[in-house]
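Numbering-wise (this note's numbering), the sequence shown opens with residue 130 and increments by one.
In short, the hints are calculated from the structure, not lab data.
Since the structure is predicted, the reported quantities are computational estimates derived from the model, not experimental observations.
Glycine included, every Cβ here is placed at the ideal spot set by N, Cα and C.
Mixed in with the good hints there might be a few duds.
To be verified - Label-pair ranges, simulated between beta-carbon atoms:
1. Lys188 - Glu305: 13 to 21 Å
2. Lys247 - Lys269: 32 to 40 Å
3. Asp134 - Asn302: 39 to 47 Å
4. Leu296 - Leu181: 18 to 26 Å
5. Glu142 - Lys315: 22 to 30 Å
6. Lys275 - Thr183: 15 to 23 Å
7. Asn283 - Glu177: 32 to 40 Å
8. Trp267 - Lys301: 34 to 42 Å
9. Lys275 - Lys233: 34 to 42 Å
10. Lys140 - Glu316: 19 to 27 Å
11. Thr226 - Asn194: 31 to 39 Å
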Amino acid sequence: MRLLDFYKSRKDEIKKHLNENIDFTDVFDDTEKVKNPIMIIGEAPGKEEVKLKTPFVGKAGENLNYLISLSGLDRKKDFLITNAFPFRTYKDNKNRTPTAKELKIGAKLLEKEIEIVKPKLILLLGNSSIRAFSYISWAKEVKNLKKCGFYGINRYKIGVCFHPSPLAFNRKNIKEQLEEFFKKLKEEI
Numbered sequence: 130m131r132l133l134d135f136y137k138s139r140k141d142e143i144k145k146h147l148n149e150n151i152d153f154t155d156v157f158d159d160t161e162k163v164k165n166p167i168m169i170i171g172e173a174p175g176k177e178e179v180k181l182k183t184p185f186v187g188k189a190g191e192n193l194n195y196l197i198s199l200s201g202l203d204r205k206k207d208f209l210i211t212n213a214f215p216f217r218t219y220k221d222n223k224n225r226t227p228t229a230k231e232l233k234i235g236a237k238l239l240e241k242e243i244e245i246v247k248p249k250l251i252l253l254l255g256n257s258s259i260r261a262f263s264y265i266s267w268a269k270e271v272k273n274l275k276k277c278g279f280y281g282i283n284r285y286k287i288g289v290c291f292h293p294s295p296l297a298f299n300r301k302n303i304k305e306q307l308e309e310f311f312k313k314l315k316e317e318i
């Protein structure tokens, strides 16, 4: 299955379980990406991401762009950016953290997405992405790993760190750990 076909089909998969979320379909042009990109997994899209149909375009996206620039890699060519739960979760039109049920559904979709992408490195940014990933049968141990480190799990290299949200990024120690984590990316691939 091609990645774009997968993205189009996952809305139907989500609707089997939930009906309250806004559609969010990634735009992916595999002619621009390197083969086996670095896969960044965030939490869930927010209002801006849904509007623009692109992950990490709000303030957290600005922080992520800064971090990627530290790696010396190119966001557009070297990374595939996705979410632990690919649809906006909200209450009273305010973003909310995906529930365990939503993350379990997202984990099944993530596993399929990983099989298609075959990433050379998977980066889990934030608690929701770590929790969702731990619902994949071969990745349960990820929830016990120390943040801002790189590990071998199954046949994949996994990086685990904080989410670059404005709240986290304003904490000096978290920002510094994220900066060091992204500076190490080239040597990890």
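Quick rundown of the hints versus the structure:
| no. | hint | verdict |
| --- | --- | --- |
| 1 | Lys188 - Glu305: 13 to 21 Å | holds (19 Å) |
| 2 | Lys247 - Lys269: 32 to 40 Å | violated (21 Å) |
| 3 | Asp134 - Asn302: 39 to 47 Å | holds (42 Å) |
| 4 | Leu296 - Leu181: 18 to 26 Å | holds (21 Å) |
| 5 | Glu142 - Lys315: 22 to 30 Å | violated (35 Å) |
| 6 | Lys275 - Thr183: 15 to 23 Å | violated (31 Å) |
| 7 | Asn283 - Glu177: 32 to 40 Å | holds (34 Å) |
| 8 | Trp267 - Lys301: 34 to 42 Å | holds (36 Å) |
| 9 | Lys275 - Lys233: 34 to 42 Å | violated (24 Å) |
| 10 | Lys140 - Glu316: 19 to 27 Å | violated (38 Å) |
| 11 | Thr226 - Asn194: 31 to 39 Å | violated (23 Å) |
In this structure, the hints that do not hold are numbers 2, 5, 6, 9, 10 and 11, in rising order.
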